[in-house]
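Listed here are the chains, written in short residue letters.
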Amino acid sequence: NAGVTQTPKFQVLKTGQSMTLQCAQDMNHEYMSWYRQDPGMGLRLIHYSVGAGITDQGEVPNGYNVSRSTTEDFPLRLLSAAPSQTSVYFCASSSSGFGYEQYFGPGTRLTVT
Amino acid sequence: GENVEQHPSTLSVQEGDSAVIKCTYSDSASNYFPWYKQELGKRPQLIIDIRSNVGEKKDQRIAVTLNKTAKHFSLHITETQPEDSAVYFCAASRVSRPLEYGNKLVFGAGTILRVKS
Chain P
3 NAGVTQTPKF
13 QVLKTGQSMT
23 LQCAQDMNHE
33 YMSWYRQDPG
43 MGLRLIHYSV
53 GAGITDQGEV
63 PNGYNVSRST
73 TEDFPLRLLS
83 AAPSQTSVYF
93 CASSSSGFGY
103 EQYFGPGTRL
113 TVT
Chain E
159 GENVEQHPST
169 LSVQEGDSAV
179 IKCTYSDSAS
189 NYFPWYKQEL
199 GKRPQLIIDI
209 RSNVGEKKDQ
219 RIAVTLNKTA
229 KHFSLHITET
239 QPEDSAVYFC
249 AASRVSRPLE
259 YGNKLVFGAG
269 TILRVKS
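So the sequences go chain by chain: P and E.
In this text, residue positions in the first sequence follow our numbering: the first is 3, and each later residue adds one.
In this text, residue positions in the second sequence follow our numbering: the first is 159, and each later residue adds one.
Hints are not guaranteed to be accurate.
[As the list claims (entries may be wrong)] Straight-line distance between alpha carbons at most 25 Å, and here's what the computed BS3-like set of lysine-lysine pairs gives: (1) P:K11 x E:K274; (2) E:K226 x P:K11; (3) E:K262 x E:K229; (4) E:K226 x E:K274; (5) E:K229 x E:K215; (6) E:K180 x E:K274.
Rather than coming from a laboratory, the hints here were simulated on the basis of the structure.
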């Protein structure tokens with residue numbers, strides 16, 4: 003099993019550009035989440051999904067969209083990139099939700115200039 | 159909503175010494191408390207977790223204690239080794255059956271642990 007995979011590993015965007023961060027898991031997990039990691043602020047939840055077709059907002063959802071059309075994939079869309087979105091983004095999945103182990107992907111380092 | 163505070167932000171210890179990292183939480187209904195370790199440039203990985211019906215849990219050199227009354231929990235690492243050097247995150251979540259939906263995991267800001275050999 004590959005576990006949780008993310009692409010790309012690194013990305014540089016200009017302010018105002020849009021892009022999609024890809025996340026996929028092959029563990030048949032219902033729960034998937036996106037976090038951003040900034041120095042001194044831990045991991046903050048952006049959006050999450052409890053199954054195909056069901057998504058909800060986390061702590062810091064503004065500027066991001068998600069959809070979940072399959073169990074395996076959970077892409078994160080940046081609509082109009084801003085320097086404040088410079089961060090490391092982690093996707094995670096879990097078999098049983100936030101009260102159980104989260105399996106993280108390798109992360110995407112995004113820089114917005 | 160839940161708020162998790164973690165101390166210290168950095169911790170340096172000599173190899174073989176013990177390390178303790180403390181977290182406090184605000185939501186008295188939180189009942190699941192995991193600890194994640196993140197090595198430099200790597201993804202966070204779960205190292206130990208505890209639920210509110212247990213006061214202490216051990217796994218080899220790692221232990222976690224929970225004080226529900228004071229709303230704080232701690233990670234204890236004994237006989238530290240250079241490979242313990244990493245960033246450690248605590249987190250808290252409220253698990254309620256049957257509805258898991260909406261019980262989000264909130265992380266602390268992290269502790270950078272350096273083990274000097």
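Agreement of K11 of chain P and K274 of chain E with the hint, judged by alpha carbon distance not exceeding 25 Å = This hinted pair is violated, its Cα atoms lying about 31 Å apart.
Hint consistency between K180 of chain E and K274 of chain E [alpha-carbon to alpha-carbon, up to 25 Å] | Within the cut-off at roughly 21 Å; holds.
25 Å Cα cutoff - pair K262 of chain E, K229 of chain E = 18 Å, holds
Holds or violated: K226 of chain E to K11 of chain P, with C-alpha atoms at most 25 Å apart = 40 Å, violated
Given the hint that K226 of chain E pairs with K274 of chain E, test it: the Cα-Cα distance must not exceed 25 Å.
-> Violated - the C-alpha atoms of K274 of chain E and K226 of chain E are around 33 Å apart, more than 25 Å.
Compare the distance between the alpha carbons of K229 of chain E and K215 of chain E with 25 Å, and conclude whether the hinted pair is satisfied.
-> Holds, at about 17 Å.
Violated hints, listed in ascending order, are 1, 2 and 4; each of the other numbered hints is respected by the structure.
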